[in-house]
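Trainee: Listed below, chain by chain, are the residues.
2 protein chains.
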Amino acid sequence: MELTRALAHAFAQHRILITGGLGFIGANLARRLVEMGAQLTLVDSLIPEYGGNLFNIAGLDNAVRVNISDVRDEHSMAYLVQGQDYLFNLAGQTSHLDSMQDPYTDLEINCRAQLAILEACRKHNPAIKIVFASTRQIYGRPDTLPVDEKHLLRPVDVNGINKMAGEWYHILYNNVYGLRASALRLTNTYGPRMRVKDARQTFLGIWIRLLVEGKPFEVWEGQQLRDFTYVDDAVEALLLAAAADEANGGVFNLGSNEVISLEALARLLVDVNGGGEFTVRAFPADRKRIDIGDYYADDRLIRAELGWQPRVPLREGLARTLAFYREHLSRYL
Amino acid sequence: MELTRALAHAFAQHRILITGGLGFIGANLARRLVEMGAQLTLVDSLIPEYGGNLFNIAGLDNAVRVNISDVRDEHSMAYLVQGQDYLFNLAGQTSHLDSMQDPYTDLEINCRAQLAILEACRKHNPAIKIVFASTRQIYGRPDTLPVDEKHLLRPVDVNGINKMAGEWYHILYNNVYGLRASALRLTNTYGPRMRVKDARQTFLGIWIRLLVEGKPFEVWEGQQLRDFTYVDDAVEALLLAAAADEANGGVFNLGSNEVISLEALARLLVDVNGGGEFTVRAFPADRKRIDIGDYYADDRLIRAELGWQPRVPLREGLARTLAFYREHLSRYL
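Line by line, the protein sequences give chains A and B.
Its first residue numbered 7, the first sequence is counted upward by one per residue in my numbering.
Its first residue numbered 7, the second sequence is counted upward by one per residue in my numbering.
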């Protein structure tokens with residue numbers, strides 16, 4: 007409660023830009039910030055295969071300004087960053103497979119557009135505070151578990167390489183130009199408004215869709231270990247990083263209180279759902295070669311430095327997510 | 007001698023493409039490969055501020071094919087990689103300051119063009135063997151000395167970030183697509199044919215120019231420690247990495263048998279030259295903020311895995327370099 011009040015104070019009446027603002031995490035963040043009284047601009051490209059969805063901000067009505075444009079549109083971004091107090095920089099190409107099939111698009115979005123956004127901030131709004139959504143994908147296959155921020159980065163796909171560069175542009179502009187920027191390395195984030203149409207971004211989305219549709223789903227490599235962050239917890243981490251000047255120049259893992267195998271996760275999901283079926287199989291070849299094996303984060307740094315902790319247990323988060331899609335699935339297909 | 011014979015055997019009659027082939031390291035590599043009987047194509051953009059210089063291959067005459075084009079020219083590169091046995095991928099934007107003033111050009115050359123070259127190899131010549139010239143700049147400010155390949159990468163300028171991505175594209179294409187590629191993280195390489203016109207690429211170049219011209223030169227941060235690789239030793243490392251399949255997917259530091267402060271280096275240079283003057287001063291502000299402090303490499307990995315060792319002592323290398331520029335300085339201004 008104390009934390010919530012302090013955060014609300016940091017953002018009320020402030021002008022805030024969210025790239026990817028109609029996407030899964032962006033829209034959940036927007037909802038929280040609207041409650042806090044922030045003045046929001048949401049930028050989104052609405053590229054059909056990506057995560058942007060106007061239904062994600064249903065009910066926010068006139069409380070936010072929506073600007074449909076692509077982060078690759080440098081002129082649009084140079085205009086939009088002006089006058090903003092905070093930038094939550096969440097827009098990105100997130101599909102690992104797409105990045106292998108079309109590495110240039112991934113490069114343009116995850117590298118060049120990031121540089122352009124930072125250049126725009128440096129030139130037009132150097133007082134802005136930026137939080138960048140990075141990813142644990144950049145670690146590649148872990149040497150040791152859990153993975154902390156001192157683990158080597160050895161990305162296993164083009165997306166991971168480009169996200170690594172995008173993250174480091176932010177840290178560099180913080181260190182060299184005095185822009186205030188930090189990065190969160192998100193692990194598997196899940197919850198209402200995630201993309202569930204297919205497995206392009208996360209397997210958990212398609213599991214949930216098929217379960218709600220009463221169909222069996224497939225679990226690949228059931229013994230693989232993962233951690234999952236409920237979206238409200240990821241949103242709180244983003245807010246904490248934005249509010250705290252101690253975060254500037256920092257890179258922080260997000261994790262979970264629970265580590266679970268994919269097969270156990272599937273069983274838990276079926277249990278929470280009150281029924282459902284799945285089969286376990288090996289990875290398809292095109293996935294196997296960019297797979298990272300077991301992963302779970304050591305997130306003690308953000309807990310210690312920013313006071314973050316995950317609040318929503320996995321069972322509870324899955325229940326909320328299933329409830330959301332039982333009601334709204336048609337809006338996500 | 008054994009090593010030289012084995013290497014010559016690996017390359018004689020083979021078709022070899024060198025990007026940046028008219029530059030400092032590329033041209034020295036070309037000279038060695040011509041002696042070995044290789045069939046060479048040298049690609050260079052001859053962008054005036056970069057290192058390409060037709061005088062670098064003076065005397066090679068009809069022994070090499072020169073193709074003037076830019077690695078950003080995807081169509082040119084897609085044609086040129088075809089039918090080649092080896093690619094020494096040395097073309098790059100190397101100025102740290104330029105990368106801060108014009109980050110997009112650095113991105114296009116050091117990231118996008120690298121992806122395009124690798125895509126061209128994957129599609130048109132998957133049997134090619136590639137060696138990429140990476141840089142110790144990607145380590146940023148060392149935590150510990152000497153720096154080995156397990157040290158975290160924390161680049162301090164846009165060039166470092168983009169070179170990090172470029173290096174990883176090579177490793178990724180090796181790991182995922184079975185292209186055979188490795189990367190050498192070069193430290194300060196020096197010798198005949200280096201750029202000496204100004205300090206854009208290395209301070210040592212402008213020191214040598216001013217010394218040969220009989221003018222005083224400036225040493226910034228004289229106590230800073232560095233290591234230096236003579237170009238013939240760097241060339242041998244490139245050849246060893248190309249010839250050895252054990253190098254595939256590997257990343258190797260190059261270093262030196264000697265670590266020296268910049269002020270001691272300046273004194274040594276003056277001594278070898280038989281006279282000269284320099285002054286020591288603090289870093290200018292724009293350099294200071296992207297400076298990495300002391301650096302020297304732990305290069306035991308390439309010594310153990312590929313049998314490399316630096317053969318030319320610093321005093322000897324500096325003497326050869328000064329002798330070259332006493333004769334040819336006008337060709338480099």
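I should point out that these hints are in silico values taken from the structure, not numbers from a laboratory.
You may find that some hints are simply not true.
If several chains are the same, the list does not tell them apart, and a pair holds so long as it fits within one copy or across any two.
Claimed, not checked - Once the Cα atoms are required to be at most 25 Å apart in a straight line, the calculated SDA-like pairs of lysine to any residue come out as:
no.	residue 1	residue 2
1	K129	Q229
2	K156	R306
3	K156	L307
4	K129	F61
5	K203	Y183
6	K294	G255
7	K156	E227
8	K203	H81
9	K129	P290
10	K156	I298
11	K156	D297
12	K156	G256
13	K221	G255
14	K203	G280
15	K294	L66
16	K156	V257
17	K294	A249
18	K129	D297
19	K129	M106
20	K129	Q315
21	K129	D104
22	K294	V257
23	K203	R293
Trainee: Is the C-alpha distance from K129 to Q229 at most 25 Å within one copy, between copies, in both cases, or in neither?
Mentor: neither (49 Å within a copy, 35 Å between copies)
Trainee: Between the shortest in-copy and the shortest cross-copy C-alpha distance, which are at most 25 Å for K129 and P290: within, between, both, or neither?
Mentor: between (46 Å within a copy, 22 Å between copies)
Trainee: Is it within, between, both, or neither for K294 and A249, if the alpha carbons may be no more than 25 Å apart?
Mentor: neither (39 Å within a copy, 29 Å between copies)
Trainee: As a check of your reading, is K156 near I298 (CA-CA no more than 25 Å) within one copy, between copies, both or neither?
Mentor: For K156 and I298, both the intra-copy (17 Å) and inter-copy (19 Å) Cα distances are at most 25 Å.
Trainee: Quick one: K203 to G280, C-alpha cut-off 25 Å, is that within a copy, between copies, both, or neither?
Mentor: Answer is within: at 22 Å inside a copy they meet the 25 Å cutoff, but 74 Å across does not.
Trainee: State whether the alpha carbon distance between K156 and E227 is at most 25 Å within one copy, between copies, both, or neither.
Mentor: Close neither inside one copy (27 Å) nor across copies (29 Å); limit 25 Å.
Trainee: For the identical chains here, do K203 and R293 meet the 25 Å Cα criterion within one copy, between copies, both, or neither?
Mentor: within (18 Å within a copy, 50 Å between copies)
Trainee: Tell me, please, which holds for K294 and G255 at an alpha-carbon limit of 25 Å: within, between, both or neither?
Mentor: between (34 Å within a copy, 18 Å between copies)
Trainee: At most 25 Å between CA atoms: does that hold for K129 and D104 within a copy, between copies, both, or neither?
Mentor: Between copies only: 17 Å across chains, 33 Å inside a chain, cut-off 25 Å.
Trainee: Quick one: K156 to R306, C-alpha cut-off 25 Å, is that within a copy, between copies, both, or neither?
Mentor: This pair counts as both: shortest intra-copy Cα distance 12 Å, inter-copy 22 Å.
Trainee: Tell me, please, which holds for K294 and L66 at an alpha-carbon limit of 25 Å: within, between, both or neither?
Mentor: neither (41 Å within a copy, 48 Å between copies)
Trainee: Treating 25 Å as the Cα threshold, decide for K129 and D297: within, between, both or neither.
Mentor: between (39 Å within a copy, 23 Å between copies)
Hint violations for this structure: numbers 1, 4, 5, 7, 8, 13, 15, 17 and 20, all remaining hints satisfied.
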